[in-house]
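These protein sequence lines map, in sequence, to chains Z and G. Going by numbering that gives the first Met the number 0, the residue at position 413 of the first sequence is 412; the numbering climbs one at a time, nothing skipped. Going by numbering that gives the first Met the number 0, the residue at position 594 of the second sequence is 593; the numbering climbs one at a time, nothing skipped.
A portion of the hints provided could be inaccurate.
[To be verified] Within a straight-line C-alpha distance of at most 30 Å, the following computed DSS-like cross-link-like pairs (lysine-lysine) qualify:
#, chain 1, residue 1, chain 2, residue 2
1, Z, K365, G, K507
2, G, K207, Z, K365
3, Z, K361, G, K83
4, G, K597, Z, K361
5, G, K48, G, K83
6, G, K231, Z, K365
7, G, K507, G, K609
8, Z, K361, G, K507
9, G, K444, Z, K361
10, Z, K365, G, K444
[Said to hold, decoys possible] Computed Cβ-Cβ distance ranges for the label pairs, DEER-style:
#, chain 1, residue 1, chain 2, residue 2, range
11, G, L21, Z, A197, 12 to 22 Å
12, G, R80, Z, L78, 31 to 41 Å
13, G, Y29, Z, V62, 21 to 31 Å
14, G, D157, Z, P375, 26 to 36 Å
15, Z, F317, G, R80, 45 to 55 Å
16, G, L21, Z, A411, 47 to 57 Å
17, G, W86, Z, L401, 24 to 34 Å
18, Z, G84, G, G14, 28 to 38 Å
19, Z, Y404, G, K234, 49 to 59 Å
20, Z, A197, G, C92, 54 to 64 Å
21, Z, P375, G, W86, 49 to 59 Å
22, G, Q151, Z, P375, 48 to 58 Å
[Unchecked claim] Just a sample of chain G residues kept apart from chain Z, beta carbon distances all over 12 Å, derived:
#, residue
23, V11
24, A16
25, D34
26, K38
27, D39
28, A41
29, E101
30, Q149
31, E172
32, D181
33, D386
34, D390
35, H397
36, T480
37, Y502
38, V608
Calculated directly from the structure, the hints in this document are not laboratory data. Backbone N, C-alpha and C fix where the C-beta goes; we use that ideal spot for every residue, glycine too.
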Amino acid sequence: MRASRSGNILESVDWGTIGIFLALVFFGWLNIYGASYTFDQTSIFDFSNRAGKQFAWIIGSLVLGGVLLLIDYKTYDVLAYFAYGAMLLLLLATPFLAHDIKGSLSWISLGPVNLQPAEFAKCVVALAIAKYMGRYDYKIRSWRDLVIPFVMIGVPCLVIMILQKETGSALVFAAFLLVFYRQGMSGYVLWVGVAAVALFILSIRFGSIALPLGTGSVGIFSCMLLLTAVEIYFICKEHRMRWQALILVGSVFAIYGICLIINIFINVPFDWVSMGVVIALIGYNIFVSIYWRKYMLLLVALFSLFCIGYTHACDFVFTKVLQPHQRIRIEVLLGMKEDPAGAGYNVNQARIAIGSGRFFGKGYLKGTQTKLQFVPEQDTDFIFCTVGEEWGFFGSVAVLLLYLYFILRLIAIAERQRNISTQIYAYSVASIFLFHLTINVGMVLGLLPVIGIPLPFFSYGGSSLWGFTLLLFILLRLDAARMEQLR
Amino acid sequence: MINDNYYRRRYVISGIAIVIVLVYIIRLFYLQVIDQSTKDQADNNALVKQTIFPSRGLIYDRNGELLVFNQPIYEVTMTMREMKAGWDTAAFCQCLHISREEFNSRVAEIKDRKKNRGYSRYTPQVFMSQLKKEDIAPLQEFLSMFPGVQIQKRTLRDYTYKAAAHVLGSVGEVNQNDIDRDSYYARGDYSGRDGLERTYEQQLRGEKGVEILMRDARGRLQGSYQDGELDKPAKAGTDLYTTLDIQLQLLAEELLAGKIGSAVAIEPKTGEILALVSNPSWNPKVLVGKERSKNYNALLKDPTKPLMNRATQATYPPGSTFKTIQALVCLEQKAITPNTLYPCSGPGSTPIKCTHHHGSPVALDKAIEQSCNPYFWCAFRDLLQKDGYGDNNEAFRHRYELWRDAVMQFGLGQRFTDTDISEQSSGSIPSTKLFDKFYGKTGWKAITIRSLSIGQGEILATPLQLANQASAIANEGYFITPHLNKNDSMLTHIHRLDIQQKYFDEVKAGMHRVMVYGTGRHYAIDSLHMAGKTGTAQNPHGRDHAIFIGFAPVDDPQIAVAVVVENAGFGATWACPVASMMMEQYLTGEVKRKDLRKRIREAVLNESVKKW
Numbered sequence: 000m001r002a003s004r005s006g007n008i009l010e011s012v013d014w015g016t017i018g019i020f021l022a023l024v025f026f027g028w029l030n031i032y033g034a035s036y037t038f039d040q041t042s043i044f045d046f047s048n049r050a051g052k053q054f055a056w057i058i059g060s061l062v063l064g065g066v067l068l069l070i071d072y073k074t075y076d077v078l079a080y081f082a083y084g085a086m087l088l089l090l091l092a093t094p095f096l097a098h099d100i101k102g103s104l105s106w107i108s109l110g111p112v113n114l115q116p117a118e119f120a121k122c123v124v125a126l127a128i129a130k131y132m133g134r135y136d137y138k139i140r141s142w143r144d145l146v147i148p149f150v151m152i153g154v155p156c157l158v159i160m161i162l163q164k165e166t167g168s169a170l171v172f173a174a175f176l177l178v179f180y181r182q183g184m185s186g187y188v189l190w191v192g193v194a195a196v197a198l199f200i201l202s203i204r205f206g207s208i209a210l211p212l213g214t215g216s217v218g219i220f221s222c223m224l225l226l227t228a229v230e231i232y233f234i235c236k237e238h239r240m241r242w243q244a245l246i247l248v249g250s251v252f253a254i255y256g257i258c259l260i261i262n263i264f265i266n267v268p269f270d271w272v273s274m275g276v277v278i279a280l281i282g283y284n285i286f287v288s289i290y291w292r293k294y295m296l297l298l299v300a301l302f303s304l305f306c307i308g309y310t311h312a313c314d315f316v317f318t319k320v321l322q323p324h325q326r327i328r329i330e331v332l333l334g335m336k337e338d339p340a341g342a343g344y345n346v347n348q349a350r351i352a353i354g355s356g357r358f359f360g361k362g363y364l365k366g367t368q369t370k371l372q373f374v375p376e377q378d379t380d381f382i383f384c385t386v387g388e389e390w391g392f393f394g395s396v397a398v399l400l401l402y403l404y405f406i407l408r409l410i411a412i413a414e415r416q417r418n419i420s421t422q423i424y425a426y427s428v429a430s431i432f433l434f435h436l437t438i439n440v441g442m443v444l445g446l447l448p449v450i451g452i453p454l455p456f457f458s459y460g461g462s463s464l465w466g467f468t469l470l471l472f473i474l475l476r477l478d479a480a481r482m483e484q485l486r
Numbered sequence: 000m001i002n003d004n005y006y007r008r009r010y011v012i013s014g015i016a017i018v019i020v021l022v023y024i025i026r027l028f029y030l031q032v033i034d035q036s037t038k039d040q041a042d043n044n045a046l047v048k049q050t051i052f053p054s055r056g057l058i059y060d061r062n063g064e065l066l067v068f069n070q071p072i073y074e075v076t077m078t079m080r081e082m083k084a085g086w087d088t089a090a091f092c093q094c095l096h097i098s099r100e101e102f103n104s105r106v107a108e109i110k111d112r113k114k115n116r117g118y119s120r121y122t123p124q125v126f127m128s129q130l131k132k133e134d135i136a137p138l139q140e141f142l143s144m145f146p147g148v149q150i151q152k153r154t155l156r157d158y159t160y161k162a163a164a165h166v167l168g169s170v171g172e173v174n175q176n177d178i179d180r181d182s183y184y185a186r187g188d189y190s191g192r193d194g195l196e197r198t199y200e201q202q203l204r205g206e207k208g209v210e211i212l213m214r215d216a217r218g219r220l221q222g223s224y225q226d227g228e229l230d231k232p233a234k235a236g237t238d239l240y241t242t243l244d245i246q247l248q249l250l251a252e253e254l255l256a257g258k259i260g261s262a263v264a265i266e267p268k269t270g271e272i273l274a275l276v277s278n279p280s281w282n283p284k285v286l287v288g289k290e291r292s293k294n295y296n297a298l299l300k301d302p303t304k305p306l307m308n309r310a311t312q313a314t315y316p317p318g319s320t321f322k323t324i325q326a327l328v329c330l331e332q333k334a335i336t337p338n339t340l341y342p343c344s345g346p347g348s349t350p351i352k353c354t355h356h357h358g359s360p361v362a363l364d365k366a367i368e369q370s371c372n373p374y375f376w377c378a379f380r381d382l383l384q385k386d387g388y389g390d391n392n393e394a395f396r397h398r399y400e401l402w403r404d405a406v407m408q409f410g411l412g413q414r415f416t417d418t419d420i421s422e423q424s425s426g427s428i429p430s431t432k433l434f435d436k437f438y439g440k441t442g443w444k445a446i447t448i449r450s451l452s453i454g455q456g457e458i459l460a461t462p463l464q465l466a467n468q469a470s471a472i473a474n475e476g477y478f479i480t481p482h483l484n485k486n487d488s489m490l491t492h493i494h495r496l497d498i499q500q501k502y503f504d505e506v507k508a509g510m511h512r513v514m515v516y517g518t519g520r521h522y523a524i525d526s527l528h529m530a531g532k533t534g535t536a537q538n539p540h541g542r543d544h545a546i547f548i549g550f551a552p553v554d555d556p557q558i559a560v561a562v563v564v565e566n567a568g569f570g571a572t573w574a575c576p577v578a579s580m581m582m583e584q585y586l587t588g589e590v591k592r593k594d595l596r597k598r599i600r601e602a603v604l605n606e607s608v609k610k611w
C-alpha cells in the first residue's frame, strides 16, 4: 500500500475538488483583471498590476498545494500543537512587527511581499482543534472538553481582534460553532445565537416604539414575547399541560390589553410591565421546576434573566464598545442612516454595480462601474461586484452555485472520514469557507454589515489565497489518506 | 463512523449553506432583474453625456441676401466637486474681470437648490453665460489652472439688417411646456419663439449631437464610451430662403417710421410675400442674448404694442378698398352690369353720402375711380333684393349668404391655414347669424346693413388679407396662399375664384383709372401702369385709417400691395404714396422720388412711436 506514495496520492486525491478549486481561482483571477482594468492596461500577466501579481500568487499556491499533497499525512497531526503555539507567538508578535495598513496591524513585510498571519491562523487552529477533539476520550458534553477548544479558538481570536484590529478575520472563528454543533454540541446554542442576533437588531433598530400616549422599549417587549414563546414550548413539550399554556398566553395578553386601555388615561410604563411579566414567568418557572422536578426549566429562567440583561447590553455594546465606523455600518445596513456619500458609499455603489449588470451582465471588461472604480476595494473584498456587473445575474448565480457545490462536497468529504479528527478538520474547512462566503457576499449584496473579509479564491491577495490553499490541500491530503487508516 | 448520534446534523449544516445561497440568489434576482433603478444610476455614475449643439440654419431673402446668421458666444461652466483646495479664486476672478463678491454670490446662487433645481456637485453648472470671445480669452489661456471649469461654445442669432423683426421672429430659451411637448428639448436649450424662427423651428434647429464620455469615481473624464460608437455628431440646421425682398422691406419700414401701420407686398403670380411690415417695430438684435428678457419686457410695456404684428394680426374696416370686391361680386351675381348707372347727389346722397364730387349718374368704371358711395350702396341693395325679401326674409337672407360666400373667396374673414405665417387674425365678414342675433331673422333688410356696401361696419380685414385681395384681382381670378418660404411647394395652394374673368377687366380698368384720374393720381408713375384703390376707414379709435391696395403693372402684375396707416386720415394722402414708392422700388429697383420719400419718412403721425 505504501510502496509508491506519489502514485498513490494521484489516485486517491479528490480530483473533483481540485477541479472546483482551479475553476474558482481562474475565474477569480479573470475578475481581478476586470476589476483593476483601466484604459491603459496592457496584459493580464503584467506584473505591475494586480492581475499579474495574482498570477504569481496563483502559481505559488499551486506549488504549495502540490507540496502539501506530497507530505506524509501524519505530519499534520504531529505538528498540530507545535504549529498552534508558533502561530500564537507570531500573532502576538505581529502588531509589533507590522506597519499600519488602513488602521490594521496585521501585515508583516517579507521582502517584496506583505503577509497576513491571521489568514494562516484559521488553518492552524482548525488542525489543533481537530487533534484535541479527535481524542478517544473526548466528550463534548463535558464542561472541560467544551471549554478547552473554546479557549483554543478564543485566544487567537481575541489577539487578532484587539491587538491587530482585524475584527473581520477574528469573526471567522465563529465558524467553528458549526463544527461543535456537528460534534454534538447542543442545538440550543445555535438558536441562542440566532435569538441574540435578532434581539440585537430589534433593540438597535427599533429602540422604542410609540404607543398611544407613551412609549415602550421594543427590545424588552420582544424579549418578553420570546420568553413567552419559549415558556409555552417547554410547558407543552415537557409536561404536556396545554391548558396551563393557554392560561399563560391568555393572561399575558390580558395584562397587555388592560395596560393599553389604562394607557389611554394614564401613562403606563410598558417597560416595567414587560419586566413584570418576565419576572412572573421566571417565578412560575422556578415553582414548576421545583414542584415537578423539571430542572430544565431553571435554565429557561436563567435564560430569561440573561435576555433582559442582554437587551440592555446590546445598547451598551452598540454605543460604547463598537468603533464609530462599525456602528455606522450597522446603522446604514439597518436603514437607520442614509449616507450614500460616506459610510453607505461602498454598499450603495456595490448595489449599483451589481444591479446594473442585469441578467446577462455587461460583458467581460465592459463594466463601467468597476472599470471606473466606483466601488472601493473592488478587487479585494468587493470583487463580487465585478462578477455581478460584468457577468450579470447569470454569472453571479453560477459562481454562488459553484461555491455551494464546493461546500457541500467538503461536507461530503467530511462525512466519509473514518478518523474523527479528520472529520472535525474537514468540517472546520467547510465551515470557514461557508462563513467567508456568507459574510462577504452578504456584505456586497447589502444584507450584512460591511465586514472586511475576502471571498475565498476570488479576492486579490496572496495571504488569503495561500491561507485557503493551505486549508484545502491539507484536507485533501488527509482525505487521500483515509484508506490508509485502519478502522 | 460508529455510534454517530449526530449523523443527521450533516443535513442541518448542508441546509444552512443551501438556505444562505438561496437567500443570496433571491437578493441577486431582486437587484439584477426586478429593480430597474440601478441601470440609470450606473449610467449617471459613469457616463457623461455632452451635448454638441448644432448651428442653427441661416435665413436669406429672395435674392440670396443673408438676413440672419449665428454669432458664437461662450459660457463658462464649473463642476463644483472638482474645485479642490488650491483652486485660485482670485486669479479666476481676474481672468473673467469679476469681483470676489460677484464670484461668491454667483456660486451661492448655483448651489441654491431653490433657484437651481437641477444642481449637482458632479455635473457642470453654468457659471457665466453669453460671453464674447474676447471676454473668455484670458480664461481660455489659463484654463488648466482651474480644474472643473469648462468653456462651452454656443451660438446666438445675429442680423444683417435692423429690419423684418416681426417676420423673422426670435429665438429664446425653451420653457417647461416646450420640454414636455417635445422631448428634443432640454432645459437651457433655445428654440424659435415667434415668426419664421418658430414656424421653421424643426428645419432650422438641426439635430443635437451627443458625445458620451466616461467619468471615473473621482470625476475625471476617461475618454469616450465604447470608442465613440454611440456618439452622434450634431447636424446643422437647414438654411431657410424666404420670399422677402429685403430692400423693399427696408423701404417700407423706413416710410412707416413715426407712424403706426403696416404694409404687405405680395408677388401675385406666386403668392410670395415680398415685404411684411408692421410699425412700430424693433431692431431684432435687441431680443438676443443677455438683454433679451429685459428688452422683451420693455416691448411688452410699450403702449404702441410693437410686439403685435399688425400686418397679420390687426384688423381694420377695409373702407373703400372693399368696393373692388363689391363690384366683382355684384357683377358676377348679376345685380349690375358694367353699364348699369346709378345716380349720385354727392354729399347730399342718402342713405350714404358721397365724399367726392363727380357727374351723375355714374357707371362702374367711374364709380370705382371716384369711389362713389351711393353707387355701391345701390348695387349692394339691388343684389340683396334681387329675389325680393320673401315671406320670412328668406330670399334676402339667402342672397346675403351668397354674397358673403363670394366675398370670402378672396380670403377675407378667415385665417390662411395653409401657410407659414404664425400669427394671424381672421378678420370678419359678418354672418347671417350675427345679424339674426342683433335684429331677429326678419328684422334686418338691405338698408340695415348698408355700411357693408362701402367696406365699413362689421367688415374687418387684416393688411395681409387686403394685399391678398389685391393679388387675387391682379391675377384676375385666383390667388396662391401668401407665404414666406421661397420653395415652390406652395404653388399648388391655388385658390380659384368663382368670378368670370371679364368682370376683372372692368374692375382692373376702374382701379387703373384711380391712379390716372382718381384719388391716387398724385402718386402714380404713369410708366409703371399702376392700379389701385384708396380707402379711408372710419373707426372708433380716432382719425380715419388711411388704406390703400394696389398692384402694378396693370396688365402683367408683378407686385400687389396693401398699406394701412392707422389714424392718419385719407388713404390717398398717407397710404397711397407708401404703396406707390414700394411698387416703384420693386419694379425699378430704386425710388426716384427723393423728396416724396423724405417727406413721408419724416412725417411723424404718432409721437409715441419708437424705433427699438
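Numbers of unmet hints, in rising order: Checked against the structure, the hints that fail are numbers 1, 3, 4, 7, 8, 9, 10, 12, 13, 14, 15, 16, 17, 21, 22, 23, 24, 25, 26, 27 and 28, while the rest are satisfied.
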